[in-house]
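Undergrad: Just so you know, we're using UniProt numbering here: the sequence shown kicks off at 1 and counts up by one.
Any given hint could be a false lead.
Unchecked claim - Computed Cβ-Cβ distance ranges for the label pairs, DEER-style:
id, residue 1, residue 2, range
1, Ile78, Ser101, 17 to 25 Å
2, Gly64, Ala149, 20 to 28 Å
3, Leu153, Ala44, 43 to 51 Å
4, Pro45, Ala148, 16 to 24 Å
5, Asp65, Leu116, 32 to 40 Å
6, Pro45, Gly91, 39 to 47 Å
7, Ser67, Ala113, 25 to 33 Å
8, Ala113, Gly75, 20 to 28 Å
9, Asn124, Ser67, 16 to 24 Å
10, Glu158, Met79, 28 to 36 Å
11, Ser67, Leu116, 17 to 25 Å
12, Gly71, Glu96, 22 to 30 Å
13, Asp74, Glu96, 29 to 37 Å
If you're looking for bench data, these hints aren't it; they were derived computationally from the structure. By construction, the Cβ of each residue, glycine as well, lies at the ideal position given by its N, Cα and C atoms.
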Amino acid sequence: MQQRPLECPGIATVPVIARVGPVQSFHLGISLLFVNGSVSADGAPVPRNFQLLEELEKGEKGIGDGSCSYGLEDGGDIMMSNWNGTIIGLGHTVHENHIYSLKITCSESYPDAPPLVQFLSRVNLPSSPQTAPLEHVLIEIRKEMASAANHKLPQPPEGSLFSD
Numbered sequence: 001m002q003q004r005p006l007e008c009p010g011i012a013t014v015p016v017i018a019r020v021g022p023v024q025s026f027h028l029g030i031s032l033l034f035v036n037g038s039v040s041a042d043g044a045p046v047p048r049n050f051q052l053l054e055e056l057e058k059g060e061k062g063i064g065d066g067s068c069s070y071g072l073e074d075g076g077d078i079m080m081s082n083w084n085g086t087i088i089g090l091g092h093t094v095h096e097n098h099i100y101s102l103k104i105t106c107s108e109s110y111p112d113a114p115p116l117v118q119f120l121s122r123v124n125l126p127s128s129p130q131t132a133p134l135e136h137v138l139i140e141i142r143k144e145m146a147s148a149a150n151h152k153l154p155q156p157p158e159g160s161l162f163s164d
């Protein structure tokens, strides 16, 4: 599998392979892009919970055209570690009219370390980008679905999930 990192000035690029659970024939190759922590306007590091509160607010307002969304899995999760994400497939691709569910986990090291992203919905997407903050994770994965290499790949039946 060939890693294909995105080009973003000022952002570190690290290739990794993500574990998506006990799946027999699915392997998600990820080009991992992340900013080494968030920094305020005066150069001071932004604490994890402040960063996640800002991202929660953005998620509640919605992202762009509504084709990607995310929010806390449990509103009572004071550590804001477990998130759900949704991507609506792009038109004129094999992803059209498909709804993909994702689980996003932010470790205690977030935003210095990127979130772990796991597809809950079955998808054939050999290489997908992952970025931090959270909204960029979903947007970049959706863009990768539209790439020439992926927009015509055969997909599992709509609604099929990876089993735990």
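Undergrad: Each hint needs a verdict: does it hold in this structure or not?
TA: Status of each hint after checking the structure:
no.: 1; hint: Ile78 with Ser101: 17 to 25 Å; result: holds, 24 Å
no.: 2; hint: Gly64 with Ala149: 20 to 28 Å; result: holds, 23 Å
no.: 3; hint: Leu153 with Ala44: 43 to 51 Å; result: holds, 44 Å
no.: 4; hint: Pro45 with Ala148: 16 to 24 Å; result: violated, 39 Å
no.: 5; hint: Asp65 with Leu116: 32 to 40 Å; result: violated, 26 Å
no.: 6; hint: Pro45 with Gly91: 39 to 47 Å; result: holds, 41 Å
no.: 7; hint: Ser67 with Ala113: 25 to 33 Å; result: holds, 27 Å
no.: 8; hint: Ala113 with Gly75: 20 to 28 Å; result: holds, 24 Å
no.: 9; hint: Asn124 with Ser67: 16 to 24 Å; result: holds, 19 Å
no.: 10; hint: Glu158 with Met79: 28 to 36 Å; result: holds, 34 Å
no.: 11; hint: Ser67 with Leu116: 17 to 25 Å; result: holds, 22 Å
no.: 12; hint: Gly71 with Glu96: 22 to 30 Å; result: holds, 24 Å
no.: 13; hint: Asp74 with Glu96: 29 to 37 Å; result: holds, 32 Å
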